[in-house]
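Assembling the complex is the task here: the two chains are given apart, and the hints tell you how they should meet.
Residue strings, one per chain:
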Amino acid sequence: MKTGTFSINRVWLILRKELVERSKWYVSRILGIGVALAVVAFLVTYAEGGSIDNHNSELFILTTRAGINITLAKVYWAFIFCYVCYGIGSLNSVIADRKARASWLLLPASTADKYVARLVQAFVIVPLAGACMVGVSELLRCAFAAMLVDASVVRFVSPLAVLTMDKDWGIGGAFALFSVPAFFFFGSFLFRRGAFFKTVLLGGAILAAMTFATMAFVYVLLRIRYGYQFHGEIHIEGDIISHEWDAWIEAFCWVVHVLVVAFFIVWPYRKMKRMQL
Amino acid sequence: MHDSSDDTYICSILFNYYTMITIQDMSFGYTSSKPIFSGFHLELGGGMVCGLLGKNGVGKSTLLHLAAGLLRPTAGSVTYRGTATFARRPEMLSDVFLVPEEFALPAIKLESWLKVVTPFYPQFDNEHLASCLDQFEVPRGCNLGSLSMGQRKKAFLSFALASGATTLLMDEPTNGLDIPSKSQFRKVLSQFMDDDKCVIISTHQVGDVENLLDHVVILDGNSVLLNCPLADVSRRLSFVIGDSAPADAYYSQPSVGGVAAVVPAEEGNETDVNLELLFNAMMSSAEARDLFNKEVK
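For the protein sequence lines, the chains are A and B, in the order given.
FYI, in numbering that gives the first Met the number 0 the residues of the first sequence are 0 to 276.
FYI, in numbering that gives the first Met the number 0 the residues of the second sequence are 0 to 296.
The following block holds chain B by itself, in its conformation from the complex (with noise of 0.2 Å):
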């Protein structure tokens, strides 16, 4: 027998459990006179892959330089699994990989690199890798100051699969790959991903990725205005293309097939998230926002 309270309670070990980054609070800022963010609250947890949306200049990018201890907040906190971030301790940076968008590789041989590299990641999964850079299609014996810009990425992309971190942080990991490696990509990641892992990816290539993610966090200036299940998101909004816009319509724009709209969702009737509608709803609609109020941390 058990009442409401403990569920509760099973409920709160559970989100702490789960919740892997967890920004408190939080102002930054490159200069003292134009902070970006101030007062910043988000929480992420495990089990999911997470697009992380906004427009140019709103921080994405430094969101994740601030969860990989990159960077270090001018007030609040930003913790992983409880510990700041920016105390960069070793088995936090093995567990948290971040893939920038412009990364350092030497121009040595990769299995020389490996060698030196792999032995601070101690659950590194040398199979992994090979599978990773056999579907890449990258040899294993290639010198990463001889290849191009997209296969160092797909080397970079293998080691970071296969590093063993339970937390990706990706920003624009598409950019420089070529179409099938697109889908390459794709698949790897799909194949990475349980229930423990974590994966945030910062992206304006939403078609890229609109098939992978499973969790959307929409930022705007300060504040997050989604942070949400796309499931969530497919019960609450209906995309839908017709003639002309639905009177109902949170947003609307001039599609191939006529007009693209956003609307209430109705009952038993969902349908496959559109981030780009999506992402233009939230940021031209108050009432789109109202709905997921509720949600948004």
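Next up, chain A with everything else stripped away, as it sits in the complex (with noise of 0.2 Å):
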């Protein structure tokens, strides 16, 4: 085997062997969950439906047609936006005791092997198993709604339909998305036990701590320029910041948000570089 402090074969070795010593866990999962999902699905299916008795009704046959059941989509889209953070946050309570905790810090990877197995479970498995999950629901709510109604008129919702249903999403989006489940891959290296939970806690006290700070702020703007007193009326005509600032602050809030992103995805590494027992 290649020596060195990373090895891509390595990090396959890695994935291989989490994925075959839990294979048992996330087939039970997978099963376990996408059942359950598929009970609220058809749920869903049925109060987009209309009325429950009413199985053939046009709603409820045209609600089954691909992308047209938007609000079952968005169900989907929420589960698995939900489940990657929790899989995420999650991902090292494997670890979390001090047995298991030797046995992954002795096994013969570098921390750079490790942490990139790290990074692909987080982002790709993990995901993975969410999309197994929807699709396992899927199966079940599309069988259970052909035996009700026209199988030929059944279709498989997908969660992506959320996505083209909504153009704007756009780069921001997009990253804004990707940043909570990277807050999470942090959470899960921060805390040792628990890290779900705590991160859920952690990033509440950050948000209040930030929406306390912002009014915080605002009043003090309005207070300098306009006098603003706490429990006065207040007139303002034109604008508090020039438009000319528009694209400095758009540009200092990507430089922010990408920054601490990156603090994010990175502090991790050098958190399992000094991992102990």
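Don't read these hints as lab results, they were simulated from the structure.
Honestly, I wouldn't trust all of these hints.
Said to hold, decoys possible - With a straight-line Cα cutoff of 27 Å, these simulated DSS-like cross-link-like pairs (lysine-lysine) come out:
1) 23(A) x 108(B)
2) 98(A) x 197(A)
3) 181(B) x 196(B)
4) 272(A) x 33(B)
5) 114(B) x 23(A)
6) 197(A) x 272(A)
7) 108(B) x 181(B)
8) 114(B) x 98(A)
9) 196(B) x 186(B)
10) 114(B) x 196(B)
11) 98(A) x 54(B)
12) 23(A) x 98(A)
13) 270(A) x 54(B)
14) 98(A) x 272(A)
15) 33(B) x 98(A)
16) 98(A) x 270(A)
17) 23(A) x 186(B)
18) 108(B) x 73(A)
19) 270(A) x 197(A)
20) 73(A) x 181(B)
21) 33(B) x 181(B)
22) 33(B) x 54(B)
Unchecked claim - A short, non-exhaustive set of chain A residues, derived as facing chain B with CB atoms under 8 Å:
23) 99
24) 101
25) 106
26) 109
The model shown is predicted, which means the values in this text are computed figures rather than measured ones.
Glycine included, every Cβ here is placed at the ideal spot set by N, Cα and C.
Okay, here's the thing in structure tokens:
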């Protein structure tokens, strides 16, 4: 085997080892959550389709067609997003106990190999597992719907329909969407036990602090510029900040966002290098 | 023709070649207020089965974890063949195998596990594994999740011995093994040994490994009380049993046959080393320790 600090072959070996060792866990989870999700999906379809007794209603049939049942697509999309956050947040729960941690640290692969393997697990395998759960759910939902209505009109609903529905996602939206899982990736290395819930709490605390800081900033800005009193009325004519600054502000937001996400992604490598039993 | 400086040079090269684990001026503690080691020194080389002895909480397991790269010293260095162990380089990790007292094995078939783990060990020897598993009577087709603790330990020990690692660090390896398995363990470990290999065994069950060891390290607090080949110990100390303790005994304790004592060895009269007596003598007698002072690193 190739030695040195990084080897793509070793990354593959780590991924294969973890998949084989946890194959039962993955399969049972995909099937279990997939079935539970199918029940929700069926209820959503009925809710969208009108009365639960009216199996053959036009609306019911229409809502089972591909890309039409937007509500279900949104449910799937939200599920995958939440599952990805949970899955990434719980990524290191398998090495939370001392024995598993020792075994993982002593696996003959470099820190870079183990880090890249964790990245692949977080941003490829966990989303794929979520997609598989949706796949199982859709198979069951469609199979059941086919028994109730004309099978030819039953279609899969794809969560990707949400993306095509709203054309204004853009790079910014996609990047913002990526930053939340990146934060959970950071959290999974920051906390040893209960990482997902602790990360949620940390995120909530940060959001609250940022909201408070933003409100305070706006208040100070209004007070300096317009002499605004907290309980007083305010009449603003024109812009608070000139539109000439728009491009700069947007660029600033982008740079901060990119740096923060890069920190969330890169910091775990440093943490991993210093990880002890 | 060569002079003594040549010999010294050759000896130093050989020493460096055979010195595998070097601990220099190392400090470590789980909390800064309670250091376990402070300015600690130890060197261990190849071709030895070394027993690491010490009281509970003295830091034997911690020392093995530091040597394996699981812990980082707060000061000083712990190196394996010149490389810091905490860097956890793949070549070091495949050459040093730690068998902890408790370890994690997945609940899958042994064969499936071997398929995904053996590629990490370039020197892995399948024949040796099969031989160890046979001697330990562990079926190759078993499921690791359904094995008893002792069976799992035997499967893991077999894997460790077949991994091709030059250095084995074992923490209480005989814990959980039944009586026949303990003798099988001694047998497979003696088959494993050659001039290049180094085995360090931390244990309280000295009787289980007594005939296996050829080197002993005794730790007490922050110091190494003894770091010496057993052959050297038996040249300097005799372990005797009599009706009463000899006047020149460094240490004595009641025994089944009377009184067991550690006395200075007489030339040409070497006895087998009793590790329990040796340990107690080193812990309680400054004179016994002084005998080896020059040897302690």
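Hint-by-hint comparison with the structure:
| no. | hint | in the structure |
| --- | --- | --- |
| 1 | 23(A) x 108(B) | holds (12 Å) |
| 2 | 98(A) x 197(A) | holds (23 Å) |
| 3 | 181(B) x 196(B) | holds (21 Å) |
| 4 | 272(A) x 33(B) | holds (24 Å) |
| 5 | 114(B) x 23(A) | holds (17 Å) |
| 6 | 197(A) x 272(A) | holds (22 Å) |
| 7 | 108(B) x 181(B) | holds (25 Å) |
| 8 | 114(B) x 98(A) | holds (21 Å) |
| 9 | 196(B) x 186(B) | holds (16 Å) |
| 10 | 114(B) x 196(B) | holds (25 Å) |
| 11 | 98(A) x 54(B) | holds (23 Å) |
| 12 | 23(A) x 98(A) | holds (20 Å) |
| 13 | 270(A) x 54(B) | violated (34 Å) |
| 14 | 98(A) x 272(A) | holds (18 Å) |
| 15 | 33(B) x 98(A) | holds (24 Å) |
| 16 | 98(A) x 270(A) | holds (19 Å) |
| 17 | 23(A) x 186(B) | violated (37 Å) |
| 18 | 108(B) x 73(A) | violated (41 Å) |
| 19 | 270(A) x 197(A) | holds (17 Å) |
| 20 | 73(A) x 181(B) | violated (61 Å) |
| 21 | 33(B) x 181(B) | violated (36 Å) |
| 22 | 33(B) x 54(B) | holds (17 Å) |
| 23 | 99 | holds (4 Å) |
| 24 | 101 | holds (6 Å) |
| 25 | 106 | holds (6 Å) |
| 26 | 109 | holds (5 Å) |
Going down the numbered hints, you'll see the structure goes against 13, 17, 18, 20, 21, while the others check out.
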